[in-house]
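A.B. asks: Input sequences plus hints: build the corresponding full structure.
When we follow our numbering, the leftmost residue of the sequence shown carries the number 1, and every step to the right adds one.
Think of the hints as simulated: they come from the structure by calculation, not from any bench.
Among the clues, some could well be false.
Claimed, not checked - Simulated DEER-style distance windows between Cβ atoms:
{"id": "1", "residue 1": "SER202", "residue 2": "ALA267", "range": "30 to 40 Å"}
{"id": "2", "residue 1": "VAL490", "residue 2": "HIS337", "range": "42 to 52 Å"}
{"id": "3", "residue 1": "VAL490", "residue 2": "ASN308", "range": "17 to 27 Å"}
{"id": "4", "residue 1": "HIS392", "residue 2": "ALA165", "range": "29 to 39 Å"}
{"id": "5", "residue 1": "PRO384", "residue 2": "VAL490", "range": "20 to 30 Å"}
By construction, the Cβ of each residue, glycine as well, lies at the ideal position given by its N, Cα and C atoms.
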Amino acid sequence: MSTPDHPTALATEASTRQPSLALGMIGNCTISALVDGQGSIVWSCLPRFDGDPVFNALIHPGEDAGRFAIALEDFASSEQWYEPNTAVLRTRLTDSAGNCLEVTDFCPRFHARSRFFRPVTLVRRIRPVRGSPRVRVCLRVRYDWGQSEPTITRGSHHVRYVGGALTLRLTTDVPVTYVLSGESFIVAREHNFILGADETLSEGIADTARYWEQETIGYWKHWSARLHLPLEWQQAVIRAAITLKMSLFEDTGAIVAAMTTSIPESAHSGRNWDYRYCWLRDAFFVVRALNSLSEVGTMEDYLRWLANIVVKAGEGHIQPLYGIGQEHQLPESIMAHLEGYRGMGPVRVGNQAAEHFQHDVYGNIILGSAQAFHDQRLLQPSGPAEFARLEHIGELAVQVYGTPDAGMWELRTRARIHTSSALMSWAACDRLAKIALALQLPERAAYWRGHAQRMGDEILTRSWNAERGVFAESFGGRELDASILLMAEVGLVDARDERFIRTLDVMEEVLCDGPFMRRYEAADDFGKPETSFNICTFWRIDALARVGRKEQAREIFEAMLAVRNPLGLLSEDTHATTGEMWGNFPQTYSMVGVINAAMRLSAPWDSVI
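C.D. replies: So, in structure tokens, the structure goes:
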């Protein structure tokens with residue numbers, strides 16, 4: 001047996017446990033699923049990340065929820081781990097008499113016939129480890145956001161779940177009678193479940209499942225082996241990188257912010273949002289984090305999606321987020337019939353932020369595209385044609401610079417000239433100047449350098465609040481916002497600038513609860529935030545390292561690693577007192593922070609070799 005890289009013992013009784021974010025994620029860059037600590041699939045949207053949650057128990061607990069459980073009779077405890085350096089999840093269940101069963105979950109992904117094989121398919125394999133474990137299979141598919149049940153038909157080795165827009169087929173070598181009745185049976189040998197498209201397998205069930213597992217493990221191990229890792233915290237970085245890779249919708253190249261909708265940012269807060277879309281801001285950070293590990297394939301896929309977004313927008317406004325198929329209309333609605341995570345609704349579908357004006361978007365487009373002009377490893381490096389397209393984006397950044405917007409935190413009822421938005425306009429012009437130099441276009445370089453100089457001078461003047469001695473969240477403002485820390489990360493100021501250090505010091509006094517950092521100090525549409533925002537804590541870590549406080553940064557990073565779930569994953573928010581995770585899951589922003597902090601803080605390889 002492989003050694004678990006994140007073992008955990010979970011002894012909660014299945015009948016009384018409430019939903020939590022102690023979940024594992026499986027996926028193949030087409031679909032994903034979330035598996036709880038007792039081996040139940042509690043969330044999966046099909047046929048793509050933003051689709052219908054056919055398994056919805058995470059946000060709709062109860063007997064009528066959609067779930068796929070392998071329930072061990074007389075359950076006593078479990079442990080769960082990933083096959084090292086892969087997205088293949090194993091859950092070992094033990095009953096009160098010591099009988100033991102292992103469940104393996106994955107979505108097939110490997111190279112075949114000159115392409116990646118990544119079907120809309122979930123594979124579950126069970127095998128006895130010790131004794132004679134008895135299990136019940138509970139497979140409840142729900143359609144139309146839980147409002148309709150499928151029509152069920154059966155064959156000798158399959159069950160079809162027929163819906164209006166989607167039909168799923170379960171092919172299995174477990175007796176179909178037991179699958180349909182939920183009757184317990186002894187697991188005396190290996191069994192397999194393949195849930196996917198309504199198609200007949202070309203090979204035997206066991207042979208197919210076994211082969212797909214072998215090839216999927218091989219793919220992920222090979223992918224992980226090519227990462228440029230830091231010396232320290234390697235397992236944390238590998239897990240974060242694999243999670244980010246699984247967040248890529250490879251068909252189009254979009255990168256989703258998270259796999260879930262409506263996990264509240266804190267208990268009963270109403271801050272429940274749908275994150276199953278591609279934010280240009282979040283995607284830029286994902287691309288940059290993976291690039292730092294020398295994984296540039298995701299960037300090339302994302303730039304393919306981004307180029308289509310830019311061309312489609314033409315001369316018009318570019319939204320902060322789009323659907324993974326380039327959808328620009330994502331109307332927000334509430335599914336009132338769903339209880340919500342732990343009964344904490346509402347459950348939202350769609351996101352009104354698509355209608356916002358967030359002026360940092362133009363800088364995020366250019367920042368996300370810049371490496372492709374300098375990196376000679378790429379299969380499709382960018383050149384003059386791509387630069388011309390980016391210059392159009394730069395002109396939009398110039399136009400919106402210094403005008404009010406909703407800001408990167410997507411405030412719904414208040415517009416200001418946000419420092420972070422102005423900062424990204426500056427970054428757009430700064431990077432365009434550098435790209436122009438790389439393309440040997442000195443006149444264009446001078447043009448964009450001039451805009452960057454003008455903006456940079458104004459940002460440092462108008463965002464500075466002399467009364468508090470800090471860079472404020474808006475021009476002429478006085479309140480603190482963690483996004484100001486990006487000034488050093490994108491290069492507007494040297495981190496050792498006294499004004500930046502002073503701002504960091506005051507932020508630590510006002511925004512931090514121990515190691516954790518909140519987004520801002522001002523109340524928003526829902527009051528003052530109760531939980532810390534994980535990416536802000538990672539920005540703090542980066543800033544501390546840059547100003548020379550590396551030991552403090554390491555301590556905070558270790559605190560963040562300690563609040564990951566047992567499988568090494570993070571959501572959007574952390575409760576500073578309890579350490580509990582809140583917000584949508586797994587949050588790409590947070591996993592980016594793990595990679596960036598490890599790369600920034602690790603001892604160098606030449607210190608040990």
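A.B. asks: So, for every hint listed, does it hold in this structure?
C.D. replies: How the hints compare with the structure:
A beta carbon spacing of about 49 Å between SER202 and ALA267 contradicts the range 30 to 40 Å that was offered as a hint. As the Cβ distance of VAL490 to HIS337 is approximately 44 Å, the hint placing it in 42 to 52 Å holds. About 25 Å separates the C-beta atoms of VAL490 and ASN308, a value consistent with the hinted range of 17 to 27 Å. The given range of 29 to 39 Å is respected by HIS392 and ALA165, whose C-beta atoms sit roughly 38 Å from each other.
Restraint check, PRO384 to VAL490: a C-beta distance of roughly 25 Å satisfies the suggested window 20 to 30 Å.
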